[in-house]
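Visitor: Generate coordinates for the entire structure from the input sequences, incorporating the hints supplied.
Chains A and P are the protein sequences, given in the same order. Per our numbering, the very first residue in the first sequence carries number 1; after that it's consecutive. Per our numbering, the very first residue in the second sequence carries number 1; after that it's consecutive.
Derived by calculation from the structure, the hints in this document are not laboratory data. Misleading hints may appear alongside valid ones.
To be verified - Pairs of lysine-lysine residues, derived as DSBU-like cross-links and limited to a Cα-Cα distance of at most 35 Å, are as follows: (1) P/Lys8 to P/Lys148; (2) P/Lys8 to A/Lys190; (3) P/Lys148 to A/Lys131; (4) P/Lys8 to A/Lys173.
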Amino acid sequence: MNRRELRQKALRMLDDSPVTPTFWGIDELNALLTEGQEFLSETLRGLRRTVEIPLRAGTMLYTTQGFSPACMVPVRLWIPATNERLVFSSLARLDMHRQRWLELTTSRNPYLWFLVSWNTLGVWPPAAEGKGTMRVDYIPWPDPLFDDTDEPEFQEVTQEVLVDYMVTLGHLKAWEPDMAAGALQRLLGKERQVGPQNNSQAVQPFRPTRGTSRGVYRS
Amino acid sequence: MAIVSVEKAIQDCQTYLHDRSGLTWSEDELYQWYDEGIRALLSTTHLVKHWTIHALPPRYTIACTYQWEKRFALGGTARLFPFVGPSGRSATSLWEIPQFEQLDGDAGHSTVTQLWELSYTRRSSDTSYRIALPKDHERLYGTWWDHKRLEPVGVFELDRLSDAWHMRQGEPWLITEGTGSRNTYEIYQIQVNPEGQQYAYETWEDAGTPRFIDGARSWVPGTADGDWVFAYTTPGEFVDGLAGVGLRITGGQTSRRFFCTYRWEEALQAGVPVVEVPPSGRIGTYSWEIRHGATNVAPCPVGGIRGLESTERQYVQAAMWDTGLGLIREWHSSEQSLLLWEAVTHATALVPGDTLPFLPPQMHKYVRAYVLAKAFGHQGEGYMPDLSAAWERFWQRGLQFAASLGNMLWIDQPMRRDPNRQSVERRPRLQLPAEYPRVPWLG
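Guide: Spelled out as structure tokens, the structure:
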């Protein structure tokens with residue numbers, strides 16, 4: 001379905017005119033569709049983008065917003081020049097690996113990477129020279145659809161979620177609590193159905209190396 | 001929907017409230033709830049974490065004797081002198097207690113106002129290093145001193161270590177919440193080393209923006225923010241929602257009736273003979289225009305150096321507690337400094353014109369849900385608990401997503417292939433209960 005078809009389908013479900021809606025502006029619905037795409041992408045985590053960024057000598061931290069404002073989280077780093085993939089690690093594991101890893105400099109390219117925050121990634125050891133690039137694969141928030149004939153990047157079967165999202169927000173805007181509750185129930189139910197790629201449950205939650213009775217590092 | 005300004009975000013909330021004029025729900029309320037929503041999101045999920053550098057001994061905004069003096073820190077940090085006499089009298093120095101209370105006692109040690117002054121007493125002190133973190137601090141995830149991780153301990157564990165643990169001198173290797181106030185931590189052991197404290201920036205105070213920085217190692221100024229995002233001549237060209245740093249290329253005095261790029265344009269507009277010609281050729285709007293013959297283009301448009309790059313280590317801008325907010329005056333690595341990995345929250349109230357702090361613009365839809373849940377759940381006109389519950393459920397879904405985004409191990413599992421995490425374990429042996437009948441050997 002393209003943008004027009006998705007919008008019209010949602011309007012029919014909201015009992016409004018699909019061509020000239022009375023309660024909605026077309027821009028408003030398009031913005032809702034963009035939100036729905038974000039919602040679906042957060043559920044599926046199936047979209048991927050790749051960007052190559054220049055390596056900087058001595059730099060350990062890179063801001064993901066610096067190479068893409070739509071970056072949700074980086075998932076894979078690669079040095080194309082040497083065909084070497086960086087292994088994902090964490091600050092706690094780097095501490096276990098080497099006591100003074102923060103000051104270590106080498107003559108080679110980084111081979112570990114870690115996340116400092118949702119928008120900051122670190123590489124280790126920092127590149128010795130500011131030459132070459134680093135390829136970053138990341139999960140994005142999808143781009144908005146700019147034309148009525150544009151189609152979402154998602155598979156056809158999951159695009160119903162986009163309609164459900166628009167319908168849910170539509171009932172909420174119309175102050176129809178009962179309809180909104182039903183639509184929200186449907187939306188979250190479908191989210192669970194279409195979200196098999198969401199493997200966050202399979203990953204152990206972050207635990208620091210040492211805990212304390214005072215909770216300094218409690219997470 | 002890439003909403004980057006708070007005003008737009010509030011307007012979006014008002015669309016769902018059908019109250020664009022703010023009759024039922026005032027704008028102040030909405031701003032307050034939006035602020036609360038961002039704070040709740042950051043505090044609950046620890047979505048945003050920073051590396052922060054602190055110098056040791058630590059600095060405070062003010063040092064004071066009485067609790068009420070803390071208000072003059074104006075939201076900064078205050079160090080309270082610990083000396084209180086039997087009658088409740090507070091004192092700045094220990095010798096004041098026996099003096100005023102008419103007691104026999106020791107004159108005490110050297111009194112210092114800020115802890116970095118300990119570096120000049122060159123002696124031990126019973127005042128330990130307690131660092132105070134800014135208001136936006138939420139949770140500490142890791143600390144490093146001189147490139148080494150500090151181990152977190154409790155006070156009772158330290159008591160078992162030594163009676164006088166709080167006075168021990170040497171390299172710091174422990175961090176504890178201690179017995180002080182919230183958002184402050186104590187570092188042990190105490191390192192009293194004049195080389196370890198960095199405060200030689202007093203000559204920069206009130207002297208404008210530092211443009212030239214000296215250091216012992218090789219470094220170059222960072223160029224990541226070396227250009228502006230957009231340029232404009234009049235405020236009318238400002239498109240709402242533009243993010244980033246812009247350059248206005250005209251003076252723009254209020255007395256002027258129009259804006260122009262060249263001085264001769266002013267004369268032309270005023271209808272007087274043009275007597276001044278641009279002496280320096282073409283005026284450039286962007287720095288890359290230099291290559292095309294433009295002049296008068298400042299190479300460092302943002303106002304100051306925003307980053308340092310060194311082949312030797314990562315530098316992070318150091319927190320400063322003195323005047324000159326908004327400027328970065330010092331960069332440190334974790335050598336002889338305290339590196340903190342902390343989750344932060346949003347500390348200052350949002351006002352019109354702000355951009356969404358810390359959060360990706362895509363999170364606006366969840367903060368909006370928080371605002372609308374509060375608005376419809378608010379007693380009085382417009383109270384609709386069912387709608388409030390629906391928005392609350394949407395908000396909870398956002399919290400769940402943000403928590404997973406803040407989880408460092410959220411990354412796609414198959415992509416990692418980290419061999420160290422694959423533990424090979426033998427399956428447990430089958431154990432039969434004691435009352436199980438004997439199994440005869442076959443054959």
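Visitor: Assess, step by step, whether the Cα of lysine 8 of chain P is no farther than 35 Å from the Cα of lysine 173 of chain A, and give holds or violated.
Guide: holds, 17 Å
Visitor: Holds or violated: lysine 148 of chain P and lysine 131 of chain A, Cα atoms, limit 35 Å.
Guide: holds, 29 Å
Visitor: Run the distance test for lysine 8 of chain P versus lysine 190 of chain A: straight-line Cα separation, threshold 35 Å.
Guide: With a Cα-Cα distance of about 30 Å, the restraint between lysine 8 of chain P and lysine 190 of chain A holds, given a limit of 35 Å.
Visitor: Do the alpha carbons of lysine 8 of chain P and lysine 148 of chain P lie within 35 Å of each other, as the hint requires?
Guide: violated, 45 Å
The structure shown violates just one earlier hint, number 1.
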